[in-house]
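Enquirer: Whole structure, please, built from the sequences with the hints as guidance.
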Amino acid sequence: MKRRLPKPPGVVHTYARPCSVASAGARRRLTRTPRGAVGGIDFVARLKGVVLRPVPRCTKRDVMTARIVDGVLQSPFPACDYQGISMPELVRSRLELFANKVIAVDVDAHLTGAELLSRIRRCAAGFSREGLQKGSRVCCQVGNSLDNIVAAMGVVFAGGTLVMARTTSVERELRYEIEDSTCEWILTDVANSSKASQIMEKIPLKACAIGEVPGFINVTRFQSNTEDSWREADVPVDPNEDVIVILYTSGSTGLPKGVEITHKAYVSTFLSFSKLGFVTEGDVFLAWNPITHVSGFTLNTFGPCCGATTILREITLPLDKFVDVVQTYKVTSVISLPIKLQMLINEAKSTRRKLPHIDKIMYGGSPMSSSLCRDICDVLTPSTLANVYGMTETFGLVSATQVDEITTDHMGLPTAGCEVKVVDVNTGKLLEPFEQGEICVRSPHVMKCYHRRPEATADVLSSDGWLRTGDLGHYDREGHLYMVERLKQLIKCMDNQLAPSELEEILLTHDAVAEVAVVGVPSPKYGEAPAACVVLNASYAEPHSTIEEELKKLVAGQTAVYKYLYGGVIFLDSLPKAENGKILKKELLAKFADRPIP
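Take the sequence shown: its position 591, counting from 1, is numbered 591 in the working numbering, and each next residue is one higher.
Hints in this document: simulated from the structure, not taken from any laboratory.
Misleading hints may appear alongside valid ones.
[To be verified] Simulated crosslink set (SDA-like; lysine to any residue; CA at most 25 Å straight-line):
#: 1; residue 1: K429; residue 2: E419
#: 2; residue 1: K582; residue 2: T249
#: 3; residue 1: K553; residue 2: E579
Expert: Shown next as C-alpha coordinates:
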(Lines of atoms letter the chains of each structure in order from A and count residues from 1; the text may use other names and numbers.)
(Lines give C-alpha, C1' and ligand atoms only; values in the text may rest on other atoms or scores of the structure.)
Protein backbone atom coordinates (compact mmCIF):
# COMPACT_ATOMS: atom_id res chain seq x y z
CA MET A 1 0.00 0.00 0.00
CA LYS A 2 1.41 3.41 -0.96
CA ARG A 3 1.49 6.07 1.72
CA ARG A 4 0.77 9.67 0.69
CA LEU A 5 3.45 11.96 2.03
CA PRO A 6 2.52 15.28 3.65
CA LYS A 7 2.20 17.96 1.01
CA PRO A 8 4.19 21.17 1.69
CA PRO A 9 3.16 24.41 0.01
CA GLY A 10 4.02 24.58 -3.66
CA VAL A 11 4.63 20.85 -4.06
CA VAL A 12 2.64 18.79 -6.52
CA HIS A 13 2.59 15.03 -5.93
CA THR A 14 2.89 12.80 -8.95
CA TYR A 15 4.53 9.58 -10.01
CA ALA A 16 7.86 9.26 -11.80
CA ARG A 17 8.79 6.10 -13.59
CA PRO A 18 12.31 4.71 -13.66
CA CYS A 19 13.13 4.26 -17.32
CA SER A 20 15.67 2.69 -19.60
CA VAL A 21 17.07 4.19 -22.79
CA ALA A 22 17.75 1.75 -25.58
CA SER A 23 20.22 4.00 -27.39
CA ALA A 24 22.22 5.16 -24.38
CA GLY A 25 21.68 2.45 -21.79
CA ALA A 26 21.22 5.01 -19.04
CA ARG A 27 18.45 6.29 -16.87
CA ARG A 28 16.72 9.47 -17.91
CA ARG A 29 14.41 11.81 -16.16
CA LEU A 30 10.73 11.87 -17.04
CA THR A 31 8.73 14.91 -16.19
CA ARG A 32 5.17 16.13 -16.52
CA THR A 33 3.94 17.89 -19.64
CA PRO A 34 0.50 19.09 -20.70
CA ARG A 35 0.60 16.79 -23.75
CA GLY A 36 1.06 13.04 -24.10
CA ALA A 37 0.45 10.47 -21.42
CA VAL A 38 2.08 7.27 -20.25
CA GLY A 39 0.04 5.07 -17.95
CA GLY A 40 -2.43 7.89 -17.31
CA ILE A 41 0.31 10.32 -16.23
CA ASP A 42 1.77 13.10 -18.40
CA PHE A 43 5.42 12.75 -19.32
CA VAL A 44 7.90 14.28 -21.74
CA ALA A 45 11.51 13.42 -22.47
CA ARG A 46 13.59 16.44 -21.51
CA LEU A 47 16.63 15.32 -23.45
CA LYS A 48 16.26 16.18 -27.12
CA GLY A 49 16.82 13.38 -29.53
CA VAL A 50 16.68 10.65 -26.89
CA VAL A 51 13.80 8.19 -26.95
CA LEU A 52 12.67 7.21 -23.48
CA ARG A 53 11.10 3.84 -22.84
CA PRO A 54 9.36 3.70 -19.44
CA VAL A 55 9.43 0.39 -17.60
CA PRO A 56 6.12 -0.86 -16.15
CA ARG A 57 6.73 -0.32 -12.45
CA CYS A 58 6.05 3.01 -10.81
CA THR A 59 7.47 4.69 -7.72
CA LYS A 60 6.17 7.63 -5.70
CA ARG A 61 8.00 10.95 -5.72
CA ASP A 62 7.36 14.67 -5.35
CA VAL A 63 7.58 17.07 -8.26
CA MET A 64 8.05 20.57 -6.91
CA THR A 65 6.81 23.74 -8.53
CA ALA A 66 7.50 27.36 -7.76
CA ARG A 67 4.76 29.67 -6.55
CA ILE A 68 4.17 32.48 -9.03
CA VAL A 69 2.75 35.54 -7.27
CA ASP A 70 2.12 38.68 -9.34
CA GLY A 71 4.73 37.62 -11.87
CA VAL A 72 7.38 36.79 -9.26
CA LEU A 73 8.66 33.23 -8.82
CA GLN A 74 8.91 32.20 -5.18
CA SER A 75 10.81 29.17 -3.97
CA PRO A 76 8.88 26.03 -3.01
CA PHE A 77 11.28 25.65 -0.10
CA PRO A 78 10.49 27.36 3.21
CA ALA A 79 12.44 30.55 3.81
CA CYS A 80 15.66 30.09 5.77
CA ASP A 81 15.71 31.08 9.42
CA TYR A 82 18.79 33.27 9.13
CA GLN A 83 18.78 34.58 12.75
CA GLY A 84 21.49 37.16 12.03
CA ILE A 85 24.46 34.96 12.87
CA SER A 86 27.98 35.41 11.52
CA MET A 87 29.97 33.02 9.37
CA PRO A 88 32.23 31.97 12.31
CA GLU A 89 29.16 31.30 14.46
CA LEU A 90 27.65 29.13 11.73
CA VAL A 91 30.86 27.19 11.12
CA ARG A 92 31.43 26.63 14.84
CA SER A 93 27.90 25.37 15.45
CA ARG A 94 28.01 23.05 12.42
CA LEU A 95 31.46 21.60 13.11
CA GLU A 96 30.52 20.97 16.73
CA LEU A 97 27.61 18.86 15.46
CA PHE A 98 30.14 16.60 13.75
CA ALA A 99 32.86 16.85 16.38
CA ASN A 100 33.76 13.15 16.25
CA LYS A 101 33.22 12.48 12.55
CA VAL A 102 35.94 12.74 9.90
CA ILE A 103 34.60 15.48 7.63
CA ALA A 104 37.69 16.89 5.89
CA VAL A 105 40.28 14.86 4.01
CA ASP A 106 43.22 15.70 1.78
CA VAL A 107 46.42 13.93 0.80
CA ASP A 108 48.10 14.66 4.12
CA ALA A 109 45.34 14.80 6.75
CA HIS A 110 41.98 13.46 7.93
CA LEU A 111 40.21 15.82 10.34
CA THR A 112 37.11 15.48 12.49
CA GLY A 113 34.80 18.42 12.99
CA ALA A 114 36.42 19.19 16.35
CA GLU A 115 39.94 19.03 14.90
CA LEU A 116 39.06 21.25 11.95
CA LEU A 117 37.43 23.85 14.22
CA SER A 118 40.43 23.81 16.55
CA ARG A 119 42.84 24.44 13.67
CA ILE A 120 40.75 27.33 12.34
CA ARG A 121 40.63 28.96 15.79
CA ARG A 122 44.39 28.59 16.29
CA CYS A 123 44.99 30.11 12.88
CA ALA A 124 42.68 33.03 13.67
CA ALA A 125 44.60 33.65 16.89
CA GLY A 126 47.85 33.70 14.90
CA PHE A 127 46.57 36.25 12.42
CA SER A 128 45.30 38.44 15.25
CA ARG A 129 48.71 38.35 16.95
CA GLU A 130 50.37 39.33 13.68
CA GLY A 131 48.20 42.44 13.59
CA LEU A 132 45.28 41.49 11.36
CA GLN A 133 42.47 43.93 12.12
CA LYS A 134 38.76 43.75 11.46
CA GLY A 135 38.19 44.60 7.80
CA SER A 136 41.83 44.08 6.77
CA ARG A 137 41.84 42.85 3.19
CA VAL A 138 43.95 39.77 2.50
CA CYS A 139 44.65 38.68 -1.06
CA CYS A 140 44.43 34.89 -1.00
CA GLN A 141 45.99 32.91 -3.86
CA VAL A 142 46.07 29.26 -2.83
CA GLY A 143 45.16 25.83 -4.13
CA ASN A 144 42.84 23.24 -2.59
CA SER A 145 44.20 21.71 0.60
CA LEU A 146 43.12 21.47 4.22
CA ASP A 147 45.90 23.77 5.42
CA ASN A 148 44.90 26.37 2.84
CA ILE A 149 41.22 26.25 3.77
CA VAL A 150 42.09 26.44 7.47
CA ALA A 151 44.20 29.54 6.78
CA ALA A 152 41.50 31.22 4.66
CA MET A 153 38.80 30.58 7.25
CA GLY A 154 41.20 31.72 9.96
CA VAL A 155 41.37 35.12 8.25
CA VAL A 156 37.58 35.45 8.41
CA PHE A 157 37.42 34.21 12.02
CA ALA A 158 39.96 36.92 12.90
CA GLY A 159 37.76 39.58 11.27
CA GLY A 160 39.61 39.97 7.99
CA THR A 161 38.21 40.10 4.46
CA LEU A 162 39.52 37.61 1.92
CA VAL A 163 40.18 38.72 -1.66
CA MET A 164 40.32 35.50 -3.66
CA ALA A 165 42.76 35.44 -6.59
CA ARG A 166 42.77 32.55 -9.04
CA THR A 167 45.93 30.44 -9.03
CA THR A 168 45.97 30.68 -12.83
CA SER A 169 46.28 34.49 -12.64
CA VAL A 170 49.58 35.85 -13.89
CA GLU A 171 51.42 38.70 -12.17
CA ARG A 172 49.61 41.45 -14.13
CA GLU A 173 46.17 40.04 -13.27
CA LEU A 174 47.11 39.48 -9.64
CA ARG A 175 48.43 43.02 -9.32
CA TYR A 176 45.20 44.43 -10.80
CA GLU A 177 43.07 42.67 -8.17
CA ILE A 178 45.37 43.63 -5.29
CA GLU A 179 45.39 47.29 -6.30
CA ASP A 180 41.69 47.38 -7.13
CA SER A 181 40.75 45.88 -3.75
CA THR A 182 43.40 47.88 -1.82
CA CYS A 183 44.77 44.78 -0.09
CA GLU A 184 47.20 45.15 2.80
CA TRP A 185 48.09 41.47 3.17
CA ILE A 186 48.79 38.55 0.88
CA LEU A 187 48.28 34.89 1.75
CA THR A 188 49.72 32.25 -0.55
CA ASP A 189 51.05 28.72 -0.58
CA VAL A 190 54.48 27.47 -1.61
CA ALA A 191 53.34 26.61 -5.14
CA ASN A 192 52.14 30.19 -5.83
CA SER A 193 54.65 32.14 -3.73
CA SER A 194 56.85 33.26 -6.65
CA LYS A 195 54.03 35.44 -8.03
CA ALA A 196 53.47 36.95 -4.60
CA SER A 197 57.19 37.72 -4.30
CA GLN A 198 57.12 39.53 -7.65
CA ILE A 199 54.12 41.60 -6.58
CA MET A 200 55.79 42.55 -3.29
CA GLU A 201 58.63 44.20 -5.21
CA LYS A 202 56.08 46.75 -6.46
CA ILE A 203 53.42 46.85 -3.72
CA PRO A 204 54.10 46.85 0.05
CA LEU A 205 52.18 43.91 1.53
CA LYS A 206 52.39 41.89 4.72
CA ALA A 207 53.13 38.42 3.39
CA CYS A 208 52.00 35.08 4.79
CA ALA A 209 52.50 31.62 3.34
CA ILE A 210 51.17 28.19 4.17
CA GLY A 211 54.59 26.58 4.46
CA GLU A 212 58.19 27.79 4.48
CA VAL A 213 58.87 30.66 2.06
CA PRO A 214 61.76 33.10 2.73
CA GLY A 215 60.46 36.50 3.80
CA PHE A 216 56.92 35.23 4.52
CA ILE A 217 55.23 34.50 7.84
CA ASN A 218 54.66 30.73 8.03
CA VAL A 219 50.97 30.32 8.82
CA THR A 220 51.33 26.63 9.67
CA ARG A 221 53.22 27.71 12.81
CA PHE A 222 50.02 29.35 14.06
CA GLN A 223 48.96 25.86 15.17
CA SER A 224 51.26 26.27 18.17
CA ASN A 225 48.78 28.83 19.53
CA THR A 226 46.26 27.65 22.07
CA GLU A 227 42.69 27.36 20.86
CA ASP A 228 41.54 29.44 23.82
CA SER A 229 43.57 32.43 22.61
CA TRP A 230 40.79 33.28 20.13
CA ARG A 231 37.19 34.00 20.98
CA GLU A 232 34.28 34.92 18.71
CA ALA A 233 33.33 37.73 21.06
CA ASP A 234 36.70 39.39 20.39
CA VAL A 235 35.60 40.19 16.83
CA PRO A 236 32.22 42.02 16.79
CA VAL A 237 30.36 41.44 13.53
CA ASP A 238 27.50 43.14 11.73
CA PRO A 239 26.34 40.24 9.52
CA ASN A 240 24.42 42.53 7.16
CA GLU A 241 27.33 44.87 6.46
CA ASP A 242 30.64 43.17 7.23
CA VAL A 243 32.29 41.54 4.22
CA ILE A 244 33.96 38.14 4.49
CA VAL A 245 35.18 37.77 0.92
CA ILE A 246 35.63 39.70 -2.31
CA LEU A 247 35.37 37.46 -5.37
CA TYR A 248 36.28 38.80 -8.78
CA THR A 249 34.08 38.20 -11.79
CA SER A 250 35.58 36.30 -14.71
CA GLY A 251 35.86 39.40 -16.85
CA SER A 252 34.19 37.68 -19.81
CA THR A 253 32.54 40.95 -20.89
CA GLY A 254 34.88 43.57 -19.39
CA LEU A 255 37.37 44.19 -16.60
CA PRO A 256 36.84 41.90 -13.59
CA LYS A 257 34.84 43.50 -10.77
CA GLY A 258 35.18 42.69 -7.08
CA VAL A 259 31.96 41.26 -5.62
CA GLU A 260 31.49 41.90 -1.89
CA ILE A 261 29.92 38.98 0.01
CA THR A 262 28.72 39.52 3.59
CA HIS A 263 28.32 37.16 6.54
CA LYS A 264 24.58 37.21 5.88
CA ALA A 265 25.05 36.09 2.28
CA TYR A 266 27.36 33.24 3.32
CA VAL A 267 25.06 31.94 6.06
CA SER A 268 21.85 32.25 4.04
CA THR A 269 23.43 30.56 1.02
CA PHE A 270 24.57 27.66 3.19
CA LEU A 271 21.11 27.26 4.71
CA SER A 272 19.51 27.39 1.27
CA PHE A 273 21.97 24.95 -0.28
CA SER A 274 21.64 22.48 2.58
CA LYS A 275 17.91 22.08 1.79
CA LEU A 276 18.65 20.75 -1.70
CA GLY A 277 20.08 17.40 -0.62
CA PHE A 278 23.06 17.42 -2.98
CA VAL A 279 25.60 17.20 -0.13
CA THR A 280 24.46 15.57 3.11
CA GLU A 281 25.82 13.94 6.23
CA GLY A 282 25.68 10.59 4.47
CA ASP A 283 27.73 11.71 1.45
CA VAL A 284 31.38 11.50 0.50
CA PHE A 285 31.85 14.74 -1.43
CA LEU A 286 34.68 15.37 -3.89
CA ALA A 287 35.53 19.08 -3.54
CA TRP A 288 37.87 19.92 -6.39
CA ASN A 289 36.57 23.20 -7.77
CA PRO A 290 39.17 25.90 -6.98
CA ILE A 291 38.58 27.58 -3.62
CA THR A 292 39.38 30.89 -5.32
CA HIS A 293 36.24 30.51 -7.49
CA VAL A 294 32.76 31.08 -6.08
CA SER A 295 31.69 27.44 -6.44
CA GLY A 296 34.84 26.21 -4.74
CA PHE A 297 34.74 28.79 -1.97
CA THR A 298 31.17 27.88 -1.10
CA LEU A 299 31.13 24.11 -1.49
CA ASN A 300 34.65 23.38 -0.24
CA THR A 301 33.59 25.00 3.03
CA PHE A 302 29.92 23.97 2.94
CA GLY A 303 30.82 20.28 2.61
CA PRO A 304 32.26 19.88 6.13
CA CYS A 305 29.47 22.05 7.55
CA CYS A 306 26.91 19.68 5.98
CA GLY A 307 28.64 16.80 7.76
CA ALA A 308 29.78 15.20 4.51
CA THR A 309 33.18 13.57 4.34
CA THR A 310 34.75 16.20 2.10
CA ILE A 311 37.67 15.06 -0.07
CA LEU A 312 39.80 18.02 -1.17
CA ARG A 313 41.68 17.74 -4.44
CA GLU A 314 42.72 20.01 -7.30
CA ILE A 315 40.55 20.39 -10.42
CA THR A 316 43.62 19.34 -12.44
CA LEU A 317 43.31 15.80 -11.06
CA PRO A 318 44.21 13.44 -13.94
CA LEU A 319 41.97 10.56 -14.94
CA ASP A 320 43.85 7.80 -13.11
CA LYS A 321 43.96 9.82 -9.87
CA PHE A 322 40.29 10.73 -10.24
CA VAL A 323 39.34 7.06 -10.54
CA ASP A 324 41.57 6.21 -7.58
CA VAL A 325 40.02 8.91 -5.35
CA VAL A 326 36.44 7.98 -6.25
CA GLN A 327 37.06 4.28 -5.66
CA THR A 328 39.20 4.66 -2.53
CA TYR A 329 36.81 6.98 -0.70
CA LYS A 330 33.60 5.74 -2.37
CA VAL A 331 32.68 9.25 -3.51
CA THR A 332 28.91 9.75 -3.79
CA SER A 333 28.67 13.44 -4.71
CA VAL A 334 30.69 15.86 -6.83
CA ILE A 335 30.37 19.30 -8.36
CA SER A 336 32.15 20.00 -11.61
CA LEU A 337 32.35 22.19 -14.64
CA PRO A 338 30.98 20.59 -17.82
CA ILE A 339 34.34 21.11 -19.51
CA LYS A 340 36.12 19.01 -16.85
CA LEU A 341 33.58 16.22 -17.14
CA GLN A 342 34.00 16.30 -20.91
CA MET A 343 37.77 16.00 -20.58
CA LEU A 344 37.49 13.02 -18.23
CA ILE A 345 35.04 11.21 -20.47
CA ASN A 346 37.08 11.88 -23.61
CA GLU A 347 40.20 10.51 -21.95
CA ALA A 348 38.31 7.51 -20.59
CA LYS A 349 37.04 6.72 -24.09
CA SER A 350 40.48 7.04 -25.68
CA THR A 351 42.17 4.89 -23.02
CA ARG A 352 39.22 2.49 -22.62
CA ARG A 353 39.32 3.18 -18.89
CA LYS A 354 36.12 2.39 -17.02
CA LEU A 355 34.92 5.20 -14.77
CA PRO A 356 33.32 4.47 -11.38
CA HIS A 357 29.70 5.23 -10.49
CA ILE A 358 28.98 8.57 -8.80
CA ASP A 359 25.45 8.97 -7.48
CA LYS A 360 25.05 12.77 -7.49
CA ILE A 361 26.71 15.11 -9.97
CA MET A 362 26.16 18.88 -9.85
CA TYR A 363 27.29 21.17 -12.63
CA GLY A 364 27.22 24.87 -13.37
CA GLY A 365 29.21 27.76 -14.79
CA SER A 366 28.39 26.91 -18.40
CA PRO A 367 25.73 24.96 -20.30
CA MET A 368 25.90 21.19 -20.76
CA SER A 369 25.19 19.69 -24.16
CA SER A 370 22.76 16.81 -24.50
CA SER A 371 25.56 14.65 -25.94
CA LEU A 372 27.71 15.22 -22.85
CA CYS A 373 24.71 14.45 -20.65
CA ARG A 374 24.23 11.14 -22.45
CA ASP A 375 27.92 10.30 -22.04
CA ILE A 376 27.83 11.11 -18.32
CA CYS A 377 24.78 8.93 -17.80
CA ASP A 378 26.38 6.09 -19.76
CA VAL A 379 29.75 6.25 -18.05
CA LEU A 380 29.15 7.50 -14.49
CA THR A 381 25.51 6.30 -14.17
CA PRO A 382 24.33 8.99 -11.73
CA SER A 383 20.83 9.11 -10.29
CA THR A 384 21.18 12.91 -10.09
CA LEU A 385 22.61 15.24 -12.72
CA ALA A 386 21.75 18.63 -11.29
CA ASN A 387 21.99 22.02 -12.95
CA VAL A 388 22.88 24.67 -10.36
CA TYR A 389 22.37 28.23 -11.62
CA GLY A 390 24.04 31.19 -10.03
CA MET A 391 26.76 33.77 -10.51
CA THR A 392 29.40 35.46 -8.44
CA GLU A 393 26.96 38.29 -7.62
CA THR A 394 24.51 35.79 -6.06
CA PHE A 395 27.26 33.84 -4.29
CA GLY A 396 26.76 31.03 -6.76
CA LEU A 397 23.14 30.14 -6.04
CA VAL A 398 19.81 31.20 -7.56
CA SER A 399 18.06 28.03 -8.67
CA ALA A 400 18.68 24.31 -8.95
CA THR A 401 17.08 21.17 -10.25
CA GLN A 402 16.11 18.36 -7.90
CA VAL A 403 17.85 15.35 -6.45
CA ASP A 404 17.07 12.15 -8.38
CA GLU A 405 16.64 14.03 -11.66
CA ILE A 406 18.75 13.99 -14.81
CA THR A 407 18.27 17.52 -16.12
CA THR A 408 19.98 19.70 -18.71
CA ASP A 409 17.15 21.61 -20.38
CA HIS A 410 16.34 24.02 -17.57
CA MET A 411 17.90 25.49 -14.44
CA GLY A 412 15.37 24.29 -11.92
CA LEU A 413 13.39 26.26 -9.35
CA PRO A 414 14.41 29.18 -7.13
CA THR A 415 16.20 27.99 -4.01
CA ALA A 416 15.07 28.85 -0.48
CA GLY A 417 14.92 32.59 0.09
CA CYS A 418 15.22 33.45 -3.63
CA GLU A 419 12.66 35.42 -5.62
CA VAL A 420 13.01 35.55 -9.40
CA LYS A 421 11.28 37.60 -12.07
CA VAL A 422 11.73 38.05 -15.80
CA VAL A 423 11.35 41.59 -17.13
CA ASP A 424 11.25 43.28 -20.50
CA VAL A 425 14.79 44.41 -21.32
CA ASN A 426 13.66 47.86 -22.48
CA THR A 427 10.67 48.70 -20.27
CA GLY A 428 11.22 46.63 -17.12
CA LYS A 429 7.67 45.24 -17.41
CA LEU A 430 7.03 41.92 -15.66
CA LEU A 431 6.71 39.12 -18.20
CA GLU A 432 4.50 36.05 -18.29
CA PRO A 433 5.61 32.40 -18.63
CA PHE A 434 7.58 31.67 -21.83
CA GLU A 435 8.16 35.38 -22.58
CA GLN A 436 11.86 36.17 -22.95
CA GLY A 437 13.44 38.93 -20.93
CA GLU A 438 16.14 39.62 -18.38
CA ILE A 439 16.27 37.35 -15.33
CA CYS A 440 16.27 39.33 -12.06
CA VAL A 441 16.89 37.95 -8.57
CA ARG A 442 16.17 39.14 -5.04
CA SER A 443 17.73 37.10 -2.26
CA PRO A 444 19.79 37.33 0.93
CA HIS A 445 22.50 35.58 -1.13
CA VAL A 446 22.97 38.66 -3.33
CA MET A 447 26.19 40.67 -3.06
CA LYS A 448 26.45 43.83 -1.01
CA CYS A 449 27.98 45.74 -3.94
CA TYR A 450 30.81 45.85 -6.44
CA HIS A 451 33.90 46.93 -4.52
CA ARG A 452 34.53 50.67 -5.02
CA ARG A 453 32.19 50.78 -8.02
CA PRO A 454 28.98 52.57 -6.94
CA GLU A 455 27.87 53.33 -10.50
CA ALA A 456 28.34 49.74 -11.65
CA THR A 457 26.46 48.58 -8.55
CA ALA A 458 23.57 50.96 -9.22
CA ASP A 459 23.36 49.67 -12.80
CA VAL A 460 22.54 46.13 -11.63
CA LEU A 461 21.20 46.38 -8.07
CA SER A 462 17.99 48.29 -7.35
CA SER A 463 17.17 50.07 -4.10
CA ASP A 464 14.64 47.35 -3.23
CA GLY A 465 17.19 44.56 -3.67
CA TRP A 466 16.56 43.26 -7.20
CA LEU A 467 19.70 42.19 -9.06
CA ARG A 468 19.75 42.31 -12.83
CA THR A 469 21.65 39.18 -13.85
CA GLY A 470 22.37 40.17 -17.43
CA ASP A 471 20.96 36.80 -18.52
CA LEU A 472 18.24 36.52 -21.15
CA GLY A 473 15.74 33.82 -20.28
CA HIS A 474 12.20 32.83 -19.38
CA TYR A 475 10.26 30.54 -17.07
CA ASP A 476 7.55 27.95 -17.60
CA ARG A 477 4.23 27.53 -15.79
CA GLU A 478 5.84 25.34 -13.11
CA GLY A 479 8.46 27.99 -12.37
CA HIS A 480 11.46 26.32 -14.00
CA LEU A 481 14.03 28.84 -15.22
CA TYR A 482 15.53 28.72 -18.70
CA MET A 483 18.53 30.74 -19.84
CA VAL A 484 18.92 31.67 -23.50
CA GLU A 485 22.05 33.83 -23.57
CA ARG A 486 24.00 36.55 -21.84
CA LEU A 487 22.42 39.84 -22.92
CA LYS A 488 25.82 41.36 -23.67
CA GLN A 489 26.57 38.48 -26.02
CA LEU A 490 23.46 38.86 -28.17
CA ILE A 491 24.32 39.72 -31.77
CA LYS A 492 22.47 42.45 -33.67
CA CYS A 493 22.61 41.61 -37.37
CA MET A 494 20.58 43.45 -40.02
CA ASP A 495 18.75 45.22 -37.17
CA ASN A 496 17.61 41.90 -35.66
CA GLN A 497 18.86 40.32 -32.44
CA LEU A 498 19.98 36.71 -32.38
CA ALA A 499 21.32 34.41 -29.67
CA PRO A 500 24.73 32.87 -30.45
CA SER A 501 23.68 29.76 -28.53
CA GLU A 502 21.08 28.96 -31.22
CA LEU A 503 23.73 28.88 -33.94
CA GLU A 504 26.17 27.03 -31.71
CA GLU A 505 23.61 24.29 -31.12
CA ILE A 506 23.11 23.89 -34.87
CA LEU A 507 26.85 23.81 -35.60
CA LEU A 508 27.46 21.16 -32.95
CA THR A 509 25.28 18.75 -34.92
CA HIS A 510 28.01 18.57 -37.59
CA ASP A 511 30.27 15.56 -37.11
CA ALA A 512 33.40 17.66 -37.58
CA VAL A 513 32.68 20.09 -34.73
CA ALA A 514 34.01 19.36 -31.25
CA GLU A 515 33.54 22.86 -29.81
CA VAL A 516 32.18 26.10 -31.18
CA ALA A 517 31.54 29.69 -30.15
CA VAL A 518 29.68 32.29 -32.21
CA VAL A 519 30.52 35.99 -31.91
CA GLY A 520 29.32 39.17 -33.59
CA VAL A 521 32.04 40.83 -35.68
CA PRO A 522 31.52 44.60 -36.20
CA SER A 523 30.46 45.17 -39.80
CA PRO A 524 29.47 48.32 -41.75
CA LYS A 525 27.07 46.22 -43.83
CA TYR A 526 25.40 43.99 -41.22
CA GLY A 527 25.97 45.85 -37.94
CA GLU A 528 27.36 42.69 -36.37
CA ALA A 529 28.13 39.72 -38.60
CA PRO A 530 27.75 36.30 -36.95
CA ALA A 531 31.05 34.42 -37.08
CA ALA A 532 31.90 30.94 -35.82
CA CYS A 533 35.06 29.89 -33.99
CA VAL A 534 35.37 26.14 -34.36
CA VAL A 535 37.49 23.41 -32.79
CA LEU A 536 37.43 20.31 -34.97
CA ASN A 537 37.29 16.73 -33.86
CA ALA A 538 40.76 15.21 -34.09
CA SER A 539 39.58 12.45 -36.42
CA TYR A 540 38.21 14.86 -39.03
CA ALA A 541 40.67 15.36 -41.90
CA GLU A 542 38.72 17.22 -44.59
CA PRO A 543 40.11 20.60 -45.79
CA HIS A 544 39.01 23.61 -43.75
CA SER A 545 37.52 25.30 -46.80
CA THR A 546 35.20 22.34 -47.38
CA ILE A 547 34.09 22.23 -43.75
CA GLU A 548 33.54 26.00 -43.69
CA GLU A 549 31.14 25.81 -46.62
CA GLU A 550 29.32 22.87 -45.04
CA LEU A 551 28.89 24.79 -41.78
CA LYS A 552 27.61 27.90 -43.54
CA LYS A 553 25.06 25.82 -45.46
CA LEU A 554 24.06 23.99 -42.29
CA VAL A 555 23.16 27.28 -40.58
CA ALA A 556 21.55 28.82 -43.67
CA GLY A 557 19.31 25.79 -44.08
CA GLN A 558 17.84 26.09 -40.59
CA THR A 559 17.68 29.82 -39.80
CA ALA A 560 16.39 33.18 -40.96
CA VAL A 561 18.59 35.24 -43.26
CA TYR A 562 19.90 37.55 -40.51
CA LYS A 563 21.40 34.54 -38.69
CA TYR A 564 23.69 33.42 -41.51
CA LEU A 565 27.43 33.21 -40.83
CA TYR A 566 28.31 36.41 -42.68
CA GLY A 567 31.43 36.81 -40.57
CA GLY A 568 32.80 33.48 -41.71
CA VAL A 569 34.37 30.58 -39.85
CA ILE A 570 37.80 30.32 -38.24
CA PHE A 571 39.37 27.11 -36.96
CA LEU A 572 41.23 27.01 -33.65
CA ASP A 573 43.08 24.39 -31.64
CA SER A 574 41.10 25.39 -28.54
CA LEU A 575 38.67 28.03 -27.26
CA PRO A 576 39.88 30.43 -24.55
CA LYS A 577 38.02 29.80 -21.31
CA ALA A 578 37.80 31.23 -17.82
CA GLU A 579 38.30 28.93 -14.81
CA ASN A 580 34.55 28.39 -14.60
CA GLY A 581 34.43 27.04 -18.15
CA LYS A 582 32.90 30.16 -19.71
CA ILE A 583 34.23 30.91 -23.18
CA LEU A 584 36.04 34.27 -23.29
CA LYS A 585 34.33 35.70 -26.33
CA LYS A 586 36.08 39.05 -26.17
CA GLU A 587 39.35 37.18 -26.84
CA LEU A 588 37.74 35.43 -29.78
CA LEU A 589 36.59 38.75 -31.23
CA ALA A 590 40.19 39.95 -31.23
CA LYS A 591 41.08 37.10 -33.60
CA PHE A 592 38.93 38.73 -36.29
CA ALA A 593 40.77 42.07 -36.08
CA ASP A 594 43.02 41.36 -39.08
CA ARG A 595 40.36 39.68 -41.21
CA PRO A 596 38.42 41.53 -43.92
CA ILE A 597 35.24 43.08 -42.51
CA PRO A 598 32.16 41.75 -44.34
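Enquirer: Now tell me, hint by hint, if it's right for this structure.
Expert: Hints, verified against the model:
1. K429 with E419: holds (16 Å)
2. K582 with T249: holds (11 Å)
3. K553 with E579: violated (34 Å)
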